[in-house]
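In order, the protein sequence lines correspond to chains A and B. Residue numbering for the first sequence follows the working numbering, starting at 1 and increasing by one per position. Residue numbering for the second sequence follows the working numbering, starting at 1 and increasing by one per position.
Don't take each hint at face value.
[What the hints assert, rightly or not] Here are the computed lysine-lysine pairs in the DSSO-like style, where the Cα-Cα straight-line distance is at most 27 Å:
| hint | chain 1 | residue 1 | chain 2 | residue 2 |
| --- | --- | --- | --- | --- |
| 1 | A | Lys149 | B | Lys212 |
| 2 | B | Lys435 | A | Lys257 |
| 3 | A | Lys149 | B | Lys211 |
| 4 | B | Lys301 | B | Lys389 |
[Stated by the list, open to error] Looking from chain B toward chain A, a few residues come up when the C-beta cut is under 8 Å (computed):
| hint | residue |
| --- | --- |
| 5 | Ala17 |
| 6 | Lys85 |
| 7 | Cys88 |
| 8 | Leu89 |
| 9 | Gly110 |
| 10 | Glu130 |
| 11 | Lys131 |
| 12 | Lys211 |
| 13 | Lys212 |
| 14 | Ile279 |
| 15 | Ser334 |
| 16 | Gln413 |
| 17 | Leu440 |
| 18 | Gln443 |
[To be verified] If you want a taste of the chain A side facing chain B, the calculated C-beta under 10 Å gives, among others:
| hint | residue |
| --- | --- |
| 19 | Pro45 |
| 20 | Asn161 |
| 21 | Gly264 |
No lab work stands behind these hints, which were simulated from the structure alone. For glycine and all other residues, C-beta sits at the position ideal for the given N, C-alpha and C.
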Amino acid sequence: MKFDKVKLRESVVSYLFLAPFLTVFVVFLGYPALYSLYISFRTAPFSADWYNVFGSMQYVGLANYRELLADNRFWWSLFCTFIYGLVTIPSSIALGLGLAILLNNKLKGRNFFRTVFYLPNVLDLYVVGTIWVLMLSPNYGLVDVLLSKLHIHISGGLLGNPWTALPTIGLVVVLKGAGFGMILFLSAIQNIPESVYEAAEIDGATAWQKLRYITIPLVKPVILFMIITGTMNALNAFTEVYAMASTKYGYGGPFIKFGNESVGATSLSGLYLYLIFERGEYGKAAAFSYLLMIFALIISFINQRFLRTEK
Amino acid sequence: MNRLPAIFLTLLALGFALLNAYKLMATPPKDVVELTVWETFNPEEHRIFKQIAAEFEQQYFQKYGKQVKLKLERVPFDGLMPRIKYACLAGAAPDICRVDNAWVLTLAYGRAITALDTLPNFNSTIEEVEKEYVAAAIDSNIIELVDENGQMKRHLYGLPDQTNCVALFWNKDLFKQSEEELRSAGLDPERAPATWEEFERYARVLTIPEKKQYGFAMFNSLWWSLPFFNTFGAEFVRTSADGHVYGALDEEAGQKALEFMTRLYQSGVEAGAWRTGSINPDQGFLNGKYAMILSGPWNLKRFSMVNFGVSLIPAGPAGTSSNVGGQNMVVFRSSKHPEIALEFLRYFSSEEVQVKWCETLGQIPVNLKAFEKVSTANPHLKVFMEQMKTAKPRPKIPRMDVLEEKVINPAIQLAMQGDLSADEALRRAVDELNKNYLPLIYQTQH
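If we strip away everything but chain A, and leave its shape as in the complex, we get (with noise of 0.2 Å):
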């Protein structure tokens, strides 16, 4: 009895610890999230009063669902998110690891280094965006014209050519964020005994060899972190597209044919998601996100099981 009663009162005290987190998820994330999946199933009419919005929408199935699964321009934003990941996240790892092994030797100023290739990191996205956007300008930017001085001249300039500008903005993406997969690279690296190198120099190993045999299996968790972080900046990804390919008149350009349709060629799923709420379609907007929430768990459960460790 005096054992129960112990363990009643601790969890009692526990309950009371954790309820001011739990009062302000359940407040602003645990409700949000089921009311969302509550309109997700209901729709507001073209001439839904303003005022009463949530109120007026008709319980319509899994109509949202339907719709957005017959769309094209859904499937063609979840097809360019893909290209964005596969652009982005090999490029991140491979980009952080390389700055990682870089800047693990006794370089002179390696300290200086690591700061600088981490500042861009701290920056917004939107302004390192617009920046870039000047940069990349046809014609005037600064990377266009040493383009042009190169001899390669692309159509539209490099944000205006619809196979150049996915891509751009990936690498955009990739540079800035490359300071934080150095940080998770740099610590790992650093964790790896120095006797392990020392030996397998001893058995004659070559730089190459200690990378693919020993560094990389030994960041293999970073790696695996980095892929799961990556698919969800990729699935979340808006504020690039909105900062380097959209003006007032058109979001997610430049636009090409996609069947009988126009899309963007940037139009990621973020984005198009944005573009849905903004119009007030807020029922879609909602199975949009439970769908992209399902599209995440599903990669997130192949990358654990094919990437994981042993132990």
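Given the coordinates of chain A, assemble chain B onto it according to the supplied hints.
Same frame as chain A, but now just chain B:
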């Protein structure tokens, strides 16, 4: 250490006291009626607007013996529409708001604003009020909606407070620099082109690739394309004999206009300024890289460092014409004093106030009597006032914003890029318009 709770409680009590004091100070006395006005004026306009609001308060008191306080809140123009949406949902909409003329339709469909003609102190008819204002400026406020009996009913949802259109800006220095070439092409470097045919010839001479200079640069959206469509005589929608509204932009005139725009870009005389990531027309004109652009009176001050001229939009087969932009003032349905709000809107757009406003700020009056009366020494503004006479308002179609963003702007862009013919691009846009947007006109119940 033991004093900490006491200090904390004292600070908390002080905070509450300050909050209550602020509330008391912020609440107007009971006999003063307060109306909140959301406005997007620039600092110079805001200064004059404040004076006008104060004058209105005074005049209202003299006329009705009732004290009114207009609480002016400056809000950013960008993101205003979502802000209004959330304010309506939260029951925190202002009494009056200054909105883009394209938004009145959306606000009316969403029943966010009051039909002014239904207010007891309207004391007039829509037709009479219509005659008091510049036609292009009042047009966006008069909207036909289906009522509860299924009948189309005309209502007045706002009053204009500012109107504008675009005209042709040309860089005199760049014209001068190419004087010889222009003369040998049979063109006068001292004036702007008067027709599209002439415009194309000017633009060709003024395009100098080695200097990265272009004859022309344009934005790319339906609104910015309207000067082309209008001058070629294209109609956005037509009404059949049985009263059915249908899309007409894909008719021959529309195709010709889009083909012309496409030719300008594909022949290299248009800079491609509408493409993602490019230097926009305003910036390129300021930097002396674009010889001609279409722009509005809002840029007259900004371009003061450029030696420029303003002339009418070059004439096409249907003569010169332009688009219509500007701002209207609307009264929200949640306003507790819509009659006073209407009174203020009428006051602000009255002849006397408009003359003062426009002569001080160099703007185009919305009031017809003021339009005829206002004397402007600014020759550029005179051109805009002349252009307003032939400007055509944009069509009033439900969800026009979505239609533009999702359908029409991409279609125009695909045609300009050469991915679709002008004919196909416009046909696709019109099909979508007929299928998904125009039927909404008959669905709304108010």
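Satisfaction of the cysteine 88 of chain B interface hint, Cβ to chain A closer than 8 Å:
holds (4 Å)
With 8 Å as the cut and Cβ atoms as the points, is glutamine 443 of chain B at the interface with chain A?
holds (6 Å)
Does lysine 257 of chain A lie within 27 Å of lysine 435 of chain B when you go C-alpha to C-alpha?
Roughly 20 Å between the alpha carbons, so the hint for lysine 435 of chain B and lysine 257 of chain A holds.
So, glutamine 413 of chain B near chain A? Judge it on the closest CB pair being under 8 Å.
holds (5 Å)
With chain A as the partner, please determine if leucine 89 of chain B meets the hint condition of a C-beta pair closer than 8 Å.
holds (6 Å)
Interface hint check: glutamate 130 of chain B, Cβ to nearest Cβ on chain A, cutoff 8 Å. Holds or violated?
With Cβ-Cβ at 25 Å, over 8 Å, it is violated.
Can the hint on leucine 440 of chain B be confirmed by a CB-to-CB distance to chain A that is less than 8 Å?
Where the cut-off is 8 Å and the nearest Cβ of chain A is about 6 Å from leucine 440 of chain B, the hint holds.
Proposed interface contact between alanine 17 of chain B and chain A, which counts if any beta carbon pair is under 8 Å
violated (26 Å)
Agreement of lysine 149 of chain A and lysine 212 of chain B with the hint, judged by alpha carbon distance not exceeding 27 Å:
Cα-Cα ~14 Å, so holds.
Holds or violated: lysine 149 of chain A with lysine 211 of chain B, Cα cutoff 27 Å?
holds (15 Å)
Once the shortest beta carbon distance from asparagine 161 of chain A to chain B is found, is it less than 10 Å?
Holds, about 9 Å.
Does proline 45 of chain A pass the interface hint, meaning its C-beta sits closer than 10 Å to a C-beta of chain B?
holds (8 Å)
Comparing the model with each numbered hint stated earlier shows that hints 5, 10, 11 and 12 do not hold.
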